[in-house]
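So you can see what is in the structure, the chains are spelled out below.
Number of protein chains: 2
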Amino acid sequence: MRNELVSPFSAGRAEDKELLGGKGANLAEMTRLGLPVPSGFTITTVACKQYYQEGKQLWPELLQQMEQAIGELENRTGKKFGSTDNPLLVSVRSGAPVSMPGMMDTILNLGLNDTTVDALAKATANPRFALDCYRRFIQMFGGVVLGIPHHDFEAALSKLKDQAGVRLDTDLDEQHLATLVETYKDIVVKATRNPFPQQPVEQLKMAVKAVFDSWNNNRAVVYRRINKIPEHYGTAVNVQEMVFGNCGDDSATGVLFTRNPSTGENKLYGEFLVNAQGEDVVAGIRTPQPIARLEELMPASWEELNRICKQLEAHYKEMQDIEFTIEKGKLFILQTRTGKRTARAAVNIAVDMVAEGLIDKKEAVLRIDAGQLGGLLHRQVSPDAKLEVIATGLPASPGAGCGIIVFDSDEAEALGKEGKQVILLRPETTPDDIHGIVEAVGILTSRGGMTSHAAVVARGMGKPCVCGCEAIKIDLKAETAQVGNVVLKKGDVISIDGGSGRVILGQVPLVEPELSDEFNTILQWADEFRELGIRANADTPQDALRAREFGAEGIGLCRTEHMFMAADRLPIVQSMILAEDTEGREAALAQLLPIQQQDFYGIFKAMEGLPVTVRLLDPPLHEFLPSAEKLAVDVALLEAGIGDVSKLDATRALLRQVRNLQEANPMLGNRGCRLGLMYPEIYQMQVEAILNAAAQLLAEGIDVKAEIMIPLVSHVNELESMQELVASTRERVAAETGKNLDILIGTMIELPRACVTADEIAGHADFFSFGTNDLTQTAFGFSRDDAEGKFLPAYLAEKLLPDNPFAVLDRKGVGKLMEIAVGLGRGKNSKLKIGICGEHGGEPSSIAFCHSLKMNYVSCSPYRVPVARLAAAQAALQQKA
Amino acid sequence: MRNELVSPFSAGRAEDKELLGGKGANLAEMTRLGLPVPSGFTITTVACKQYYQEGKQLWPELLQQMEQAIGELENRTGKKFGSTDNPLLVSVRSGAPVSMPGMMDTILNLGLNDTTVDALAKATANPRFALDCYRRFIQMFGGVVLGIPHHDFEAALSKLKDQAGVRLDTDLDEQHLATLVETYKDIVVKATRNPFPQQPVEQLKMAVKAVFDSWNNNRAVVYRRINKIPEHYGTAVNVQEMVFGNCGDDSATGVLFTRNPSTGENKLYGEFLVNAQGEDVVAGIRTPQPIARLEELMPASWEELNRICKQLEAHYKEMQDIEFTIEKGKLFILQTRTGKRTARAAVNIAVDMVAEGLIDKKEAVLRIDAGQLGGLLHRQVSPDAKLEVIATGLPASPGAGCGIIVFDSDEAEALGKEGKQVILLRPETTPDDIHGIVEAVGILTSRGGMTSHAAVVARGMGKPCVCGCEAIKIDLKAETAQVGNVVLKKGDVISIDGGSGRVILGQVPLVEPELSDEFNTILQWADEFRELGIRANADTPQDALRAREFGAEGIGLCRTEHMFMAADRLPIVQSMILAEDTEGREAALAQLLPIQQQDFYGIFKAMEGLPVTVRLLDPPLHEFLPSAEKLAVDVALLEAGIGDVSKLDATRALLRQVRNLQEANPMLGNRGCRLGLMYPEIYQMQVEAILNAAAQLLAEGIDVKAEIMIPLVSHVNELESMQELVASTRERVAAETGKNLDILIGTMIELPRACVTADEIAGHADFFSFGTNDLTQTAFGFSRDDAEGKFLPAYLAEKLLPDNPFAVLDRKGVGKLMEIAVGLGRGKNSKLKIGICGEHGGEPSSIAFCHSLKMNYVSCSPYRVPVARLAAAQAALQQKA
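Protein chains in written order, with our numbering: chain A, 1 to 881; chain B, 882 to 1762.
It should be emphasised that the hints constitute simulated quantities derived from the structure, not laboratory data. These figures come from a predicted structure and were not determined experimentally. Worth double-checking, as some hints may not be accurate.
These stretches of chain A come out as covered by chain B in the derived footprint (C-beta under 8 Å, 3 or more residues) [as the list claims (entries may be wrong)]: (1) 73-87; (2) 711-722.
Heads up, simulated SDA-like pairs for lysine to any residue below, C-alpha to C-alpha not over 20 Å straight-line [to be verified]: (3) A:Lys205 with A:Gln50; (4) B:Lys1211 with B:Glu1185; (5) A:Lys816 with B:Asn1098; (6) A:Lys812 with B:Ala1534; (7) B:Lys1511 with A:Glu271; (8) B:Lys1358 with A:Asp649; (9) A:Lys705 with A:Gly609; (10) B:Lys1680 with A:Pro680; (11) B:Lys1354 with A:Asn306; (12) A:Lys799 with B:Ala1534; (13) A:Lys340 with A:Pro290; (14) A:Lys340 with A:Glu271; (15) A:Lys630 with B:Lys1511; (16) B:Lys1354 with A:Gln662; (17) A:Lys473 with B:Ala1534; (18) B:Lys1109 with B:Asn1098; (19) B:Lys1511 with A:Pro290; (20) B:Lys1693 with A:Asn829; (21) A:Lys328 with A:Asn306; (22) B:Lys1511 with A:Lys340; (23) B:Lys1354 with A:Gly165; (24) A:Lys816 with B:Lys1511.
Every residue gets a Cβ at the ideal spot worked out from N, C-alpha and C, and that includes glycine.
With these hints in hand, go ahead and build the complete structure from the sequences.
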């Protein structure tokens, strides 16, 4: 690395960030390109580090180099520090290698003093402006460098305005400001027992020291600790000639994007103010004009600006976000950086830039923020809408919805069928609410986490859902809900945004999802580069078809429990669960068999020719039953003679059964393959339904690639036993149908024990599918339902964890377990197919990790398939880079 | 390995088990020692394997070698197969390398036929006996070799007895038996269309084939599959000359132990019958005489028997279990093997044998079954008692207790204080039951697993407890309980055995625990050899003192939650939990501080000079509150106007708070260090109490080695944050007390993520303590509370798991995670102390595993400390061997 103490803008380049800081490197790069950047130099991070070694003193070598840099700057600008006719004024800005709030702010107009202020007045022909600059400079310098409380200056300003009888700063005239400058200087004398420094070089030294010191102020230290930014980086200081956009009608200042950041249209987009300073544009006192008006008002500058924008785009090969100032007809570029844009614009710009020959397809694919893409695939709250957000819950299922509040699922169903848009508002939902959820446009609950019933069902249906919104207090009897001071009644209109968790009062404008040609183009390019297969998690033929449209190459997770929860089946499922013996259970299962078979028939048909991985029943059985608490209340009331007393015995019996099935920690209870081992008849029915459906389709000439997946395996013996069950059922079906079906049998890898014994398990599996939801729960010991509502938000706020591990795969812990599993599994069985079907399968950084483990595929919700295609391509391209 | 097909007893030795099978090797060894063993030979496992390769045929080479062996046997015995004056009779027995039920039984008296039966009659001067032998031989051979149903012979026998008008087989006379032999031979002809084989060599070939075939019968195949015995082992066949103890009053047969198997006393212990066959001793028709009587009756044989017993003990260096027969004054040893004994006898014998110079101290230590020892440390049900076991639940806390049934904790407390022995019988217990548990002699619950409240509290108090005994249906209102047809009322006496889970009707005799001098001697020897430190899990000064008495070298786990649960503190704890804000919580904590300080003062004092590891609060807070279900019922009833309606608002408020704290999966919820992070004031209070107590004791001149342990760490950041909390509290206490205490800070390793990121964590920890209860739960995804009551019993019955992983550490899975953690942890921090404080810390095979990982210590319940000392020594000795 270079190790200069001071470096003129003309000597650096964009790559020198570590030495010059981000800001300094950027200014140097533009200077190097020959763009009209005000001259200046950077005091480097090397100087900062030595400053601390020198005991926080500016030492001779640095002072000598600064002096030389100032001399060169004076030569280049033809201005001079302290000159009474052409004074050099500079801005001083901190700039670390990584952007770091909490450090010293900008100081403008350094170099002003009691004499140069007159020179500035003359140069701008605006004495009021010069004085205003001077008093601002004293205030800024006094606060930041001399440590004088901001309030001292503000009090003096207020007092003066009172005396002058004016309301706004801008109403103060030249004379007032002259007085204020004197008052400010007195404040400085009082606070520091020294006059305000009049020597520009002295001012500069003090400012540089202040910037260096700010590297170790409290806010900066805390920020670095939390964000794990190394202490040793240090900060640079940028010293740059001031330019003024407020020197008259031939001056102006503005900001622009080189393309439309909202749509991507290839046309300058921005605004400017004539005869103004940069801060005026932001302050909003005057209304800026659209950038196109500049062509009319200052055609030469307009032309130059367009030329520079093209040059910067050609150089950076990216849409730029630019700040400029025109001083007396001369254009200066003060800053350029890559412009932020919407997902839609990002896609369009990338495709356009390929057409324009600026970038190639790889670069286009790499450039889209895959995470941002997801938003394009759901209906969204219009970004321009003014919203009255009354609460925020967990963003449980993306998309936005508006409707009238209903507190009861029967009513939701009735109104929904009438064509009304309803939002179902419940403390939480149970399988008894399914019919209401089906007809609602959105679900809002006050309890439950990202894997609560409402969340899981809503995501499965692609319906907006906000969960665990604990700020909402629901009174089901009164059919009202209270949020702070707002009382919501049945029939009131609200909107929910399942992507952000926001709950909004009233109707909000929504934006429809869009799958433009450009979007498809990017995804086709992505498919050329990616190595990971992309499958979808889908439980219905509709979802399967949607996934296929979005480019899924198979179903990686077909959950069978949602089929059990449908309203017409739940009574049969409940009678199966409550059966007193195997025979009773088998009778109920016989009723379910043809229904399940029809489910699989539809999904296999929709996915013709592509693999479909069916997971056998996973959740604990009591999820299909009413809650013990509700039943206990019913029993107590019936015992007290309240209600239909004839139901007492039946309710008691039901309570007893529910209690039998109740578990202390259902997540770790009798579920997954444990169900298949305790009640083999359930899994047998499911396997039979799968095989029958496949046989039926084969007979119709339709190709089926069914795969059976055993959930929650912790020990190889469980898988072996379930393999035997599948094999014997297959033999039976083969005998009945005459079709001996080829079928893969694999297992979820979702428990730590399965990971560390993956070699044993791989000896009995055709494929592994990582269930990273459960694996994250067991690796961390976090119940997702509880964590996301209770301690996880605090963990994230305190940066105890870098990310929510249920959203972004935890590579160090969960990822380590996966790495062990892949190594052991492939070591034993080189043909083992390995995928992931947890929610991480649709999250870009997690997909990159899966790529790095050389997994075969990721599987995610249909709506995330395009995201996954792109992320997989990016991972492949980045690994090669 | 040797590969003979046939081997005479004189050619083999004890080490040849794989070739000769266990029985054959044993007979060969005794022959080699020159003991009077009836002659014979073994057809080897090599022959068995080739038999299957030859298509289940005896091939010429084998037949030739068998013929030679028979010839040699005839020469040695002076008897001859088929001889009419001195016929050779043999027994034929299977004998695999590992003991394997399910294979062919013994065939006795092979060689008998229509002519040799007369010779036998002459030789024994007992024609009736000879005929009885012949008919038994036909029946045995017919069933086992010829596959004729047992029932066919039994029916003929019954019919004959009816015709003869007698009731017992022994009432049949010579003539009857002669008839029966003819009938049996007819049955054989009918079933096989062949006469009963008369040629002894033919009989032998058929018997050998039958033994080989039985290696692959269904029962044997299933047994091997379940017990993972390799198919390729094969079985051997032992052919041995018959001897008869029923040749007159100079003949006898008996069984004996070389020492007393119950007490260990060094004196022959056993019984014999004059003029009898071995099976008569077992059949119990005649009453055998104690072995000492032999001295009087047959002094020469008695002397020889004593000499042989000494020789066998000197040879095997083990107490032997011997079968012998005296034929016409000549003593034969038919079998010897290591004798089974009680734990008490084992200890005494080992110590005696060291004194006798038979074995050394190492051998003595290795010889005790550490698992069996635990039983000596609790009061037990007398092994001789006849019991009426009415149900079996989970063996939640060892020891036995008898008392009257009480259904209510208040009543249990009242009666207990009156000096009554009570068994508290509840569906499950909560913190509200503590006062009842304290006064009960045992706890029995119908719900809950090995980590349920009742189980944990009872184990902590060393009180017998049987949990989750679901067969018991409790009616709290009626104060009755039903088990099958038995109805238990309040006041009925029952007994429980917490070591086996048995529930027994009525009072049973109990045996007091015993810590004999011999026991202490063994443990002192163990201490010389072991490398692992032994600590105890103890929460009270009483437990700490007991642990110290038993030899604990420190406290490895002092749980603080039990202190919170004591009856006088629970209201304060509840007000702390229900506080609406930090201030309210701090006020309650201020009340708890002096109480906690007193707790720690007592424990530190009891453990003077030894380390005490205190774990900060671990369980979810709602464990300290009443259940939501109960409150919901209360609210519903109050709303209906039933009960003290003035309490409605308060009950509703309480329900709301309980609901706020309620969790879907409390095991994975807001507990452990998460509590410390969410409510730092709780942990601060605990740390302050620890430090204050230590300062107080130091001021009194008592040495304290306190260690603070942070539970449930999943990410290094959690530990770092808690370290800061401890450090700042320590500074505060140092300022207040003037004592700056040295204190170790470490963490439980009880989550898979902590294991795989142990390097990061070790950078911030002085010690690791594996919490293998929780680690087993999360690695397997098994909630112990649910698993042990629901699917785990079935898993163990079906051998899906070799052991209950909560009892015996699962080395392949959980152990692999521990191995990873130890490797990463020590790699980062070579000074890291590593221990275990889960219940596995007291289980011998788990202790051996901890030794193999080179951990520093194990910690277990006080009562298990002696077991752990011994097991640790055995692990060290075995590793060196």
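Could you tell me which of the numbered hints above are not met by this structure, giving the numbers in increasing order? 1, 5, 6, 7, 11, 12, 19, 22, 23, 24
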